[in-house]
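Trainee: Listed below, chain by chain, are the residues.
2 protein chains.
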Amino acid sequence: MSSSTEKIEIIRLQGETCETIEDEVTVEKPFTIHVNEEEFITLLCSGEGVEHLMVGFLASEGLIGSIEDILSIRIEHEEGRGYIEVSEGVLTKKKAHGKRTLTSGCGKGTVFYDVLDSLTAKPLNASFKIDSGKILELSKQFNDESVVFKTTGGVHACALCDEREMLLFHEDIGRHNALDKVIGNALQNKLKIQGKWLLTSGRISSEILIKAAKQGIAMIVSRSAPTKLAIQLAEQMNVTMVGFARGKRMNIYSGAERISCPCKE
Amino acid sequence: MSSSTEKIEIIRLQGETCETIEDEVTVEKPFTIHVNEEEFITLLCSGEGVEHLMVGFLASEGLIGSIEDILSIRIEHEEGRGYIEVSEGVLTKKKAHGKRTLTSGCGKGTVFYDVLDSLTAKPLNASFKIDSGKILELSKQFNDESVVFKTTGGVHACALCDEREMLLFHEDIGRHNALDKVIGNALQNKLKIQGKWLLTSGRISSEILIKAAKQGIAMIVSRSAPTKLAIQLAEQMNVTMVGFARGKRMNIYSGAERISCPCKE
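Residue numbers (this note's numbering), protein chains in the order written: chain A, 1 to 265; chain B, 1 to 265.
Calculated from the structure, these hints are not laboratory results. No false leads were slipped in.
Put simply, identical chains are the same to the list, so a pair is met inside one copy or across any two.
In silico DSS-like cross-links for lysine-lysine, where the CA-CA straight-line distance does not exceed 25 Å: (1) K214 - K29; (2) K150 - K7; (3) K150 - K140; (4) K150 - K29; (5) K190 - K214; (6) K150 - K248.
Work the whole structure out from these sequences, hints included.
Mentor: Encoded structure:
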């Protein structure tokens with residue numbers, strides 16, 4: 001087992017049987033980069049190879065041009081923090097160049113910290129119950145719907161569903177965009193999102209989970225995998241999370257009480 | 001054909017044959033959101049459903065709470081621009097809340113505009129030549145290497161290669177992070193990146209292409225799909241781009257002169 005995975009208990013449903021098994025999921029951790037003691041950005045990553053990640057990220061952002069620009073590096077693994085010292089000349093040059101310096105407000109702002117605080121306070125209490133067969137039926141319909149994916153392989157899809165059917169369906173090159181389109185469409189057409197559930201083609205990261213939970217979505221189903229952090233947040237928020245929903249099987253990571261499966265009947 | 005796909009000519013290599021065929025690829029377009037006439041952020045998206053995208057993005061960012069917060073919406077489809085007018089009260093409330101307002105410098109800054117200008121000026125002139133069989137051999141090795149992916153399905157991998165072998169290999173939950181780790185590792189170990197090539201498990205978007213090209217990478221191979229914009233940039237930058245490299249087949253989207261394939265022998 002790699003250190004970037006963790007074992008957790010899940011419910012695996014396959015055909016007519018479901019069982020509680022141990023499964024491995026990917027770890028997702030916030031890592032905050034400080035440049036010359038100033039907070040620069042927080043990345044969500046696997047928690048491994050963070051020193052390379054910090055150097056590579058700053059090179060990609062154009063802040064450092066070569067390894068000689070770096071005076072020192074310090075990593076606090078447990079706390080998920082990295083400190084990099086670059087010569088003042090590098091920073092000044094960069095500031096003079098202007099235009100695309102990332103401020104600390106930006107990276108942090110995109111989603112992570114304050115949402116975490118604000119959300120954990122109010123778990124979702126949607127009490128719907130849905131049949132596992134219905135989830136798989138709509139998952140299949142969802143896959144069939146995705147014409148662009150089938151012709152190009154280059155997109156993600158996202159759909160809003162209730163207990164009976166798919167209500168909205170959108171595609172985009174990005175997982176986040178596809179979800180934002182669904183949210184925007186629902187808002188514009190005054191369709192209540194609270195208590196509905198989502199189908200997504202993409203992996204379920206903490207950012208996707210938070211974005212959905214903020215709108216009151218009570219269940220997320222993906223044909224792909226969730227991260228450990230997303231599962232933790234789903235548990236805290238009382239969101240039902242299902243991964244690897246394909247054919248006749250699915251993994252239930254949290255909130256199983258919302259799903260009625262064959263073996264409970 | 002959906003309006004979010006376009007037809008282009010590619011070279012498809014399959015076993016011992018290769019042929020020029022027409023294929024559909026996903027469109028990727030910049031879409032700039034203006035809030036109350038002020039530039040807010042540029043998103044890279046499919047170009048479809050941009051009105052829903054704009055509303056949903058601003059709702060996800062917490063700028064608008066309900067549809068009543070919106071006074072007017074105007075979309076300039078051709079120019080890829082959206083204008084949304086919200087009541088000053090909404091903006092003021094938001095500013096008072098502070099903390100995570102996205103500045104226009106942020107979204108634009110992450111990658112897109114200035115890179116485009118700066119890059120198109122200096123195409124890569126790396127003149128290596130690599131056998132298609134070697135690409136597929138290393139692609140297979142790359143897939144075998146990805147242990148976390150196999151156990152969890154939740155990560156992306158990226159590797160730096162030369163004409164003979166894989167030199168660096170990293171995984172992360174994000175495509176960008178995996179590439180940044182490779183770049184950081186190469187910088188820290190003084191491994192020349194220029195003229196090397198990349199294997200990636202993820203889709204090739206314009207951002208990934210630009211990030212790689214900025215470091216002088218001359219070829220990108222993915223088991224997944226590229227976007228139309230990434231292909232255009234690859235052509236301009238003289239980067240060789242290969243997608244759907246799986247088993248005995250691959251699609252060559254640009255820079256085919258760097259690949260020797262069976263039918264040319």
